[in-house]
Amino acid sequence: MAIAKQAAEDALNEIEPNVQEELLRHPGRWVALTRSSVIVVCDSPTEAYDAARRAGIEVPTLYFVPDTRAGYSYF
Amino acid sequence: MPRIAGTHVGLDPDGLDVFRPIIFVEIKVGTRSIRVPALVDSGADNTLVPAPFVAPLGVDFHRLPAGHGGSGPGGNLDVRLCQGTMIWEQGKAVLMTQFMVAEPGKGPDTVLLGRADFFKHYVPRFSWHKSPPSFDLDPVPRRR
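Heads up: the sequence lines are chains A and B, in that order. Each residue of the first sequence is one higher than the last, beginning at 1 in the numbering used here. Each residue of the second sequence is one higher than the last, beginning at 1 in the numbering used here.
FYI, nobody ran anything at the bench for these hints, they're computed from the structure. Accuracy of the hints is not assured; some may be wrong.
Said to hold, decoys possible - Covered stretches of chain B (in silico footprint by chain A; criterion: 3 or more residues with CB under 8 Å from a CB of chain A, positions within the stretch not fixed):
hint: 1; region: 6-18
hint: 2; region: 30-38
hint: 3; region: 52-59
Just so you know, even glycine gets a beta-carbon here, dropped at the ideal spot from N, CA and C.
Could you build all of it, start to finish, from the sequences and the hints given here?
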């Protein structure tokens with residue numbers, strides 16, 4: 001039971017911590033990624049989408065890395 | 001729904017860690033789909049998608065039907081209705097079949113999940129007093 005619960009929690013973490021840390025090195029840029037790796041870092045989402053599709057990913061996961069150093073966000 | 005870890009998105013201007021309550025959603029327009037992060041935002045009236053997020057799906061903001069406009073902390077912005085499906089895979093839920101798109105160059109830097117749609121499916125509970133922060137999304141009970 002404990003293992004099943006852990007697996008459910010892991011599934012919801014979405015991006016592995018080492019990938020989250022890798023993303024932080026690219027503020028203001030677009031990234032195509034999988035849960036466990038960064039595929040490409042680009043300047044536009046369309047570029048990232050196309051690169052992921054070329055890598056054989058049918059539904060690419062795209063992430064815009066916020067530049068949190070630039071100031072606070074008030075959505 | 002099990003607890004979801006806050007996503008570490010960077011450091012603030014004072015060098016402190018910034019965590020956001022993010023889930024990944026799938027947006028489908030026509031035959032194309034992407035998965036993108038979406039912020040659970042109790043301050044947003046409606047779900048709002050920045051134009052660059054749907055550009056790879058072939059959505060040209062300027063070709064969407066003109067809307068009533070909107071406003072945010074940065075001032076007024078043009079928002080337009082887009083027909084498309086937003087799905088949260090983890091919750092096995094179709095969240096909406098249309099959403100508002102914010103004009104290019106304005107608005108947030110990620111998808112915002114707002115009260116008028118997302119919050120009618122899920123009840124969020126934020127635990128930002130914990131380290132690291134986390135949150136829960138409990139499905140709204142269905143009436144019999």
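Verification of the supplied hints:
no., hint, verdict
1, 6-18, "holds (count 8)"
2, 30-38, "holds (count 5)"
3, 52-59, "holds (count 4)"
The structure agrees with every numbered hint stated previously.
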